[in-house]
Amino acid sequence: MPAKPGFAVERAGDETRLNLGGDWTLESGAEMERSSDGLIGAAAGARAAVIDLARVGRMDTGGAWLIDRARTILEAAGVQSRIENARPAQSTLLEAAGWRDFEAPKPRRGHPLLDMLTDVGASVVNAWRDLVHGVGFLGESVVALLRALGRPHLFRMTSLIYHLESFGLRSVPIILLINFLVGCIVAQQGIFQLRYFGAETFAVNMIGILILREMGVLLTSIMIAGRSGSAITAEIGSMKMREEIDALKVMGLSPMDVLIVPRLLALILALPLLTFLADMAGIFGGLVVSWGYAGLSPDAFLDRLKTAIGFNTFMVGLIKAPFMALVIGLIGAMEGLAVQGSAESLGRQVTSSVVKAIFMVIVVDGLFAMFFASIEY
Amino acid sequence: MVVEAANGTGQADVIIRVRDLVVGFGPKIIMRGLDLDVRRGEVLGFVGGSGQGKSVLTRTILGLVPKRSGKIEVFGQDLDRVDADDRRRLERRYGVMFQQGALFSGLTVKQNVQAPMREHLKLSQRLMDELALLKIELVGLPRDAADKFPSELSGGMIKRAALARALALDPELVFLDEPTSGLDPIGAAEFDDLIQTLQRTLGLTVFMVTHDLDSIYAICDRIAALAEGKVIAEGTIQTMLSSQHPWVKAYFRGKRGRVLALTRDDRHAPAGGL
Ligand SMILES: Nc1ncnc2c1ncn2[C@@H]1O[C@H](COP(=O)(O)OP(=O)(O)OP(=O)(O)O)[C@@H](O)[C@H]1O
Ligand SMILES: [Mg+2]
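Protein sequence lines, in the order shown, are assigned to chains G and U.
Note that our numbering has the first sequence beginning at 89, numbered continuously upward.
Note that our numbering has the second sequence beginning at 265, numbered continuously upward.
The following block holds chain G by itself, in its conformation from the complex (with noise of 0.2 angstroms):
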């Protein structure tokens, strides 16, 4: 343990003698900012200060910066210090470790009001700059897009399928169990609601359209965009933080065509294949519950669904697939562009991703469904 760090005081005329004493070590810091504040009180008012260090034991920058400082402080209010019995390599150490002044940065701060209109004024403009930025973007993706297409033989196959293996195929069983659970889900409550009516058949109706129409693309991109969507931002972003980005670029890659494209086809081509599995496992959800709990034989539910539904009911899911893919992938991509140089700004970006990707799927959905009402598709 160290000693405290401490001094007596001794006065003789007008001279005033500090004997410092104890480990003078950051260990104890705090103790030995007091004793230093100490100093310069018990000394302030007199005409000279001697610091004595004879029996100072150990001492560290922290202990030669304090003594100093103090030291300085008395200077400065008038009283004439110094520093005496300092052993050699105490010396040293005062000199290396001294006072010197750091202006203290002064804490700029305006008022909350305007800081608050400042914000909200910054985020609207940067609202703006995603917007026109994402335009800008979506258009260098898709003609990225196209020139891979009338290049075959360039095109990298085997990003291609690694990342429908790790998209796609990996999705399956998670994205299968929601669906079937939410095909549940609705069966049970159109059932339990429309048996007021005695309409508990028509339930099959509200399933059909539902998970075929909205739930099934819906929840495979809503899952799409946490699980691959953030995994392309942070592939990117880690990518951005290493340089390796600026190493393809000098090596005359396009990060477009080598990291972005790859990545892009394979959401498109995997999220309507997930589409389909997801209607099929939401529709199959509805058959268990309707069996169970209404009897309805899996015979007279499919009856029941086939007109019910038609072929059109099924394309309207599937064809918002690509475009949730579109915008999950360009959203992932940019974002994982904008990483700066920190870890933080990793995780910030992924979430951004994330965040903005979800809400872009629920307004292309949205759009999608007033399209689709204007069509009377």
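Treat the hints as calculated values from the structure; they're not laboratory data.
Glycine is no exception: its CB is placed at the ideal position from the N, C-alpha and C atoms.
Do not take every clue at face value.
As the list claims (entries may be wrong) - Computed footprint of chain U on chain G; a stretch qualifies when at least three of its residues, placed anywhere within it, have a C-beta under 8 angstroms from a C-beta of chain U:
hint: 1; stretch: 113-122
hint: 2; stretch: 145-152
hint: 3; stretch: 417-431
To be verified - Here are some, though not all, of the chain G residues that point toward chain U, as calculated from beta-carbon distances under 10 angstroms:
hint: 4; residue: Ala-177
hint: 5; residue: Thr-180
hint: 6; residue: Leu-181
hint: 7; residue: Arg-188
hint: 8; residue: Met-329
Based on the hints, put chain U with the ligands in the right spot on chain G.
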């Protein structure tokens, strides 16, 4: 980095003692019964071919890589026998500069230097600010670097900032993994001077992994050479120059080594004060 009350007993005491160390990854054995001593107050240069395990040894001493067998004592305490509290106390006494800097990317240089202070010491914000700026100045960084983020620094500045962080707690022992690699020769020489000045002023013990023959000639008191999982030669430059081991011979008496051996007398001029 602490000035002792009574000057040492005169005998060179051993700060790190490694005995019969075996380290491996899977089937691959990297250290095969390595012995090493680092003495108080010295600068030990640790050399060895790329991939021989210099970084692995450093990381093993620091407890970041598990060892298969053997004994490591730091400050006289067997690392296998210390409990978590003692270990924390021990870790306070050494500073580490990693090969890649390992600065926290989300913090400014000043906050990086303050990070260990914040964890281990109870200091006022004012004193922490002052001490951080002092350390930043000691390692020769310009004052405006204090508020920059690591991604805004040059390679050499990152090394200096990493050294400042390693010195934050006034350690007695610092581990430097290739401090001068990637610096221009003038910058590297300045860095050598800096390490030497700090070592003299603050009484540091320095364990320095390096490939840089200039550094070895300029500031190392002793040198240990690693090959085939063992320390194959240990001692002063003279010992190295007279070693018969083929790798040591090639390293110190190769084309680059010879020139330095001839001119090293003028390089031993002491570095100026801080
Ligand atoms: N985590 C790890 N897993 C498996 N092998 C490793 C691991 N870390 C290091 N190695 C292996 O241990 C050996 C020694 O690596 P180390 O990084 O210590 O080399 P070095 O001597 O520091 O080289 P350099 O001078 O290039 O830095 C290398 O062969 C490396 O491949
Ligand atoms: Mg290494």
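Comparing the hints with the structure gives:
1. 113-122: holds (count 6)
2. 145-152: holds (count 6)
3. 417-431: holds (count 4)
4. Ala-177: 4 angstroms, holds
5. Thr-180: 5 angstroms, holds
6. Leu-181: 6 angstroms, holds
7. Arg-188: This hint holds: Arg-188(G) lies near chain U, its Cβ roughly 7 angstroms from the closest one there, short of 10 angstroms.
8. Met-329: 8 angstroms, holds
In the structure shown, no violation is registered for any of the earlier numbered hints.
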